[in-house]
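S.K.: Residues per chain, in single letters:
2 protein chains.
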Amino acid sequence: MADYEPTKRTRVFRKPGRGSHDRELVHSILDEALICHVGFVQDGQPYVIPTIHARNGDTLYLHGANANRTFRVLADGVPCCLTATLVDELVLARAALHHSLNYRSVMVLGTAREVTDPEEKERALRMVVEHIAPGRSEEVRGANETDLRSTKVLSMEIEEASAKVRTGPPLDDDDDLDLPHWAGRLPLTLGTGDPVPAPDLTRELPVPDHVAAWSRRNGPRT
Amino acid sequence: MADYEPTKRTRVFRKPGRGSHDRELVHSILDEALICHVGFVQDGQPYVIPTIHARNGDTLYLHGANANRTFRVLADGVPCCLTATLVDELVLARAALHHSLNYRSVMVLGTAREVTDPEEKERALRMVVEHIAPGRSEEVRGANETDLRSTKVLSMEIEEASAKVRTGPPLDDDDDLDLPHWAGRLPLTLGTGDPVPAPDLTRELPVPDHVAAWSRRNGPRT
Chain A
2 MADYEPTKRT RVFRKPGRGS HDRELVHSIL DEALICHVGF VQDGQPYVIP
52 TIHARNGDTL YLHGANANRT FRVLADGVPC CLTATLVDEL VLARAALHHS
102 LNYRSVMVLG TAREVTDPEE KERALRMVVE HIAPGRSEEV RGANETDLRS
152 TKVLSMEIEE ASAKVRTGPP LDDDDDLDLP HWAGRLPLTL GTGDPVPAPD
202 LTRELPVPDH VAAWSRRNGP RT
Chain B
2 MADYEPTKRT RVFRKPGRGS HDRELVHSIL DEALICHVGF VQDGQPYVIP
52 TIHARNGDTL YLHGANANRT FRVLADGVPC CLTATLVDEL VLARAALHHS
102 LNYRSVMVLG TAREVTDPEE KERALRMVVE HIAPGRSEEV RGANETDLRS
152 TKVLSMEIEE ASAKVRTGPP LDDDDDLDLP HWAGRLPLTL GTGDPVPAPD
202 LTRELPVPDH VAAWSRRNGP RT
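Protein chains in written order, with the working numbering: chain A, 2 to 223; chain B, 2 to 223.
If you want the footprint, here are the derived chain A segments under chain B, 3+ residues with CB under 8 angstroms:
#1 35 to 45
#2 79 to 88
#3 105 to 114
#4 126 to 140
#5 168 to 175
#6 184 to 195
#7 207 to 214
Here are a few chain A residues that sit away from chain B, every Cβ distance over 10 angstroms (derived from the structure):
#8 G18
#9 H28
#10 R218
These are computed hints drawn from the structure, not numbers from a lab.
Glycine included, C-beta positions come from ideal geometry on N, C-alpha and C.
With the sequences and hints as input, model every part of the structure.
M.R.: Okay, here's the thing in structure tokens:
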């Protein structure tokens, strides 16, 4: 797959070694992140809203209630920025200044459009389910006409995008290497507790595999 | 502690039961979140950037290299939005439409200012260490003059802020309750792997308690 074209707005200037326009990397980060943060401007004020996304090729889908203010603004096609971030490790240096996190993030710039085709809307909602819990989309009721009327689905093409990745150990100054402070990394992991059945289940149903065995693919650590 | 004053920009209109201006709740979410996403506007385009924050009372601190574009823009005092989000549980409904996440998020609107006082800068950098790994700030080298010259520290007052929290089971339509699909919640947990010592440690140092026993306070689940 070809890289995304770097632009003046997505080129990584600082520490360019951490920046990338690699399409597979961008996709993998978007797929692993459960949520993203979408930024848009209203009356000169930026707003940053967390939301669930799903990806189909180079198309991102978002969904929200019809009455949702954010989605009404975004549906107008205003410039927006969708950022997804995964925190992989604490980076613990000898010097306070050099503390950091190992992370992977993606920034997508563009505009959203409202999806009006009922079939694409229904597919997008299934993709959101699949994004949260892979394997589940076959075991739910798909959206019906009432659902589709009450919901806004937005799509955003991934055209102008960049990834930023930090890996590796803390980078202390040479003068500090001999200080008596432990330095290193602490990997973070996403785990699960016991599934909690809905109180209104009307019959005994086993916890499905896609829930019992749920885990999030972890990107490489180095 | 008194609530934050709701404004036209921070009032939660949709599902107001999920919205809050409770100061303790806002603080607890900001403290638990390792990172936040900061939104700002440049040439009409919103950008959303992940960064580490630290809180001291109603003051948030951010830090970045002097050459960092984002921090140069923010230091000019442009309107910005700082959002921190914690994902607590997957919410798995019978209907695709009703899938969701239980989460806690905070949105702070305002402007940043550059911290120029060396003592406040040094304190802010320690707070960032303490935010990432409580207990560690006593076991690192504080910022020296060179560090302070190379780093921009920004502060942002929490004055206009709101929290949004979703808890509880999936909310399926009455007509769907009898469908043969398991529904419920899957709690997510933040765990740790084994600490990885920096390859340039010059002596044998034990992994300190604040690393070995690191865990993130978890907000309430219901």
